[in-house]
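S.K.: FYI, the numbering for the first sequence is 0 to 573, going by numbering that gives the first Met the number 0.
Keep in mind the hints are simulated off the structure, nothing from the lab. Here the structure is a predicted model, which means the values were calculated and not measured. Glycine is no exception: its CB is placed at the ideal position from the N, C-alpha and C atoms. A hint or two may mislead.
To be verified - The calculated lysine-lysine pairs, modelled on DSS-like cross-linking and capped at a C-alpha distance of 27 Å, are:
{"hint": "1", "residue 1": "K407", "residue 2": "K517"}
{"hint": "2", "residue 1": "K168", "residue 2": "K490"}
{"hint": "3", "residue 1": "K407", "residue 2": "K490"}
{"hint": "4", "residue 1": "K217", "residue 2": "K204"}
{"hint": "5", "residue 1": "K217", "residue 2": "K490"}
Said to hold, decoys possible - DEER-style ranges, computed between Cβ atoms:
{"hint": "6", "residue 1": "T159", "residue 2": "R535", "range": "45 to 55 Å"}
{"hint": "7", "residue 1": "P119", "residue 2": "L167", "range": "23 to 33 Å"}
{"hint": "8", "residue 1": "Y24", "residue 2": "D97", "range": "37 to 47 Å"}
{"hint": "9", "residue 1": "R285", "residue 2": "K379", "range": "20 to 30 Å"}
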Amino acid sequence: MANFDLSTIRHSAAHVMAAAVKQLYPDAKFDIGPATENGFYYDFDMEHHLVAEDLKEIEKRMKKLIAQKIPFERFETSRDEAEKLLQGQNYKLERLADIEEGAPISFYRTGEYLDLCRGPHVDTTGDIGAVKLLSVAGSYFRGDEKNPMLQRVYGTAFATREELDSYLKMMEEAAKRDHRKLGTELDLFGFSDNVGPGLVLWHPKGALIRHLIESYWKEEHYKNGYQLLYTPHIGQSLLWETSGHLDFYRESMYSSMEIDERNYYVKPMNCPFHIEVYRSKLRSYRELPLRWAELGTVYRYEKSGALHGLMRVRGFTQDDSHIICTPESIEDEIAEVLRFSLAINRSFGFTDIKPYLSTRPAKAVGEPERWEKAIDSLRKAVVKCGLECEVDEGGGAFYGPKIDLKIKDAIGREWQTTTIQFDFNLPERFDMTYVGKDGQRHRPYMVHRALLGSLERFFGILVEHYAGAFPLWLAPEQARILPVSEAQLGKAMEYRDAMRRAGFRVEVDAESAGLGAKIRAARNERLPYILVVGEREAASGGIAVRSRREGELGAMPLDSLLKKMSEELANKTI
RNA sequence: GCCAAUGUAGCUCAGUCGGUAGAGCAAUUCACUCGUAAUGAAUAGGUCAUCAGUUCGAUUCUGAUCAUUGGCUCCA
0 MANFDLSTIR HSAAHVMAAA VKQLYPDAKF DIGPATENGF YYDFDMEHHL
50 VAEDLKEIEK RMKKLIAQKI PFERFETSRD EAEKLLQGQN YKLERLADIE
100 EGAPISFYRT GEYLDLCRGP HVDTTGDIGA VKLLSVAGSY FRGDEKNPML
150 QRVYGTAFAT REELDSYLKM MEEAAKRDHR KLGTELDLFG FSDNVGPGLV
200 LWHPKGALIR HLIESYWKEE HYKNGYQLLY TPHIGQSLLW ETSGHLDFYR
250 ESMYSSMEID ERNYYVKPMN CPFHIEVYRS KLRSYRELPL RWAELGTVYR
300 YEKSGALHGL MRVRGFTQDD SHIICTPESI EDEIAEVLRF SLAINRSFGF
350 TDIKPYLSTR PAKAVGEPER WEKAIDSLRK AVVKCGLECE VDEGGGAFYG
400 PKIDLKIKDA IGREWQTTTI QFDFNLPERF DMTYVGKDGQ RHRPYMVHRA
450 LLGSLERFFG ILVEHYAGAF PLWLAPEQAR ILPVSEAQLG KAMEYRDAMR
500 RAGFRVEVDA ESAGLGAKIR AARNERLPYI LVVGEREAAS GGIAVRSRRE
550 GELGAMPLDS LLKKMSEELA NKTI
């Protein structure tokens, strides 16, 4: 058997799925069925609304077709002939019309099933090792919400059964560490219908972790030459008219409130406020660069269907920063902001980081030379950090080029955290200037930067990365002391107080349950340290230590434990 | 916003082909005082998401609304 590319196998599996759907629902009209990163899908339009149960039947038929080892036969036709073959398949006909004049028009036949397709495909259906249908969802034709909605069936395929099984296992693992599930289980955060969708309530444990993240973030910013700002949650309409948000972004903003006959809007961004601080006085080139950061809470009206746990919410706190500098220092500034971003991402345990550069789109504001200089500085910064970046030509926003950082989590999924974006729009709109050496006014460069993205989202990523088992420095409860019986309760309190004085977050389990039950509870809460005090320890002055990472370590004096924990604290990733 | 599915106790879920609901865990109380993943018993806890309609009667059927989930779209 020939070795086929995974995407070829998956694309062929999509054809087989279409063939099976055609058998079951002869009225089905077909759109396209490509391979994706993790599998494949096919879009259909038909009377019958598919439900999960139907997928089993489709899958059964697919397996039958695969067992028959039906060959994939390719042939080319003229456009006229193709139109005849696709009669009644209006989506396919539209796709046919997309094919450029002169380009070959090819079909693939698999038994009774015929599909307009560029290929390539496997030799026979038998070359598809293992398939599994996963879900059914709606999807607009050509991804445009003005077009009709088609039914999309997602599936995945692998060359072997083993590979499919390990993929499904990974999916299971991902479901187990889902931050929404762990958020409830570990009582970290929640939502309330009375408050509203997409508005997060941070429960005490989650709030403590957030506090630890924020404190560290602030400290590092001061250490690295940033200044912190606080700005209001609302601002007058004039601000948003000047920034252009009301023109371009209004449908994503919470509607205005009238106070003293003036309209105020809840901020969807922090930038205009930082710019107002900049404009509060005449600025000299001598005070640039300015690095201003704020944990700024913003509100955006995200479409209801887009909300997803902590990953996509309506109220969130950006770890925002604006860097305002001269053209002369832009290169150094960008290199520095990238270095800092990488360092912070790494300190949260993310070591696999990839930059993505997006360049000038067709519609853009700002002088081309400025764009060139900006893109150049972004490129140089990446090289300086010893990384390589993928380039999305023309993928930048209209107001400037950017670099996004994507991190890989513990089970290999990519998440975008950091974004470093030039802005050629707002400095113009707000007429930001500084006085140069020459005594003349100049336009500064402005860079937006969010390191973690939003605290909500980053927290969600952290929960999934660590599967709820936070490293010692972030664990809301670092250790719990379990007295074996009530007789040791006093001793346990003594230990607890000593540990608290040493700066650790420690609780005593005073339940009248058995030791086994207490250990089980503490493990389920993923506590880094479980400490047992019984008669033996009370007598000897030590404490029995069980580490989440290292297992049972036996009894040791409290001082040794404190030393061990302090050392562990220094390494933020364990 | 669109397509589809789901919504029963704090959590995870049963259940009622229309006669107002049940388990396990968690909680509370009592007993037990225990040595490394669940001590026992009792108690309490629900307008069955909300609002309408049909019906003698609706958690169950119908409709609308809200929320959540999987996608699409969006993420100036």
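S.K.: With reference to the structure, classify each hint as holding or not holding.
M.R.: Consistency of the hints with the structure:
no.: 1; hint: K407 x K517; result: violated (35 Å)
no.: 2; hint: K168 x K490; result: violated (45 Å)
no.: 3; hint: K407 x K490; result: violated (44 Å)
no.: 4; hint: K217 x K204; result: holds (20 Å)
no.: 5; hint: K217 x K490; result: violated (38 Å)
no.: 6; hint: T159 x R535: 45 to 55 Å; result: holds (54 Å)
no.: 7; hint: P119 x L167: 23 to 33 Å; result: holds (26 Å)
no.: 8; hint: Y24 x D97: 37 to 47 Å; result: violated (25 Å)
no.: 9; hint: R285 x K379: 20 to 30 Å; result: holds (25 Å)
Checked against the numbered hints above, the structure violates hints 1, 2, 3, 5 and 8; every other hint is satisfied.
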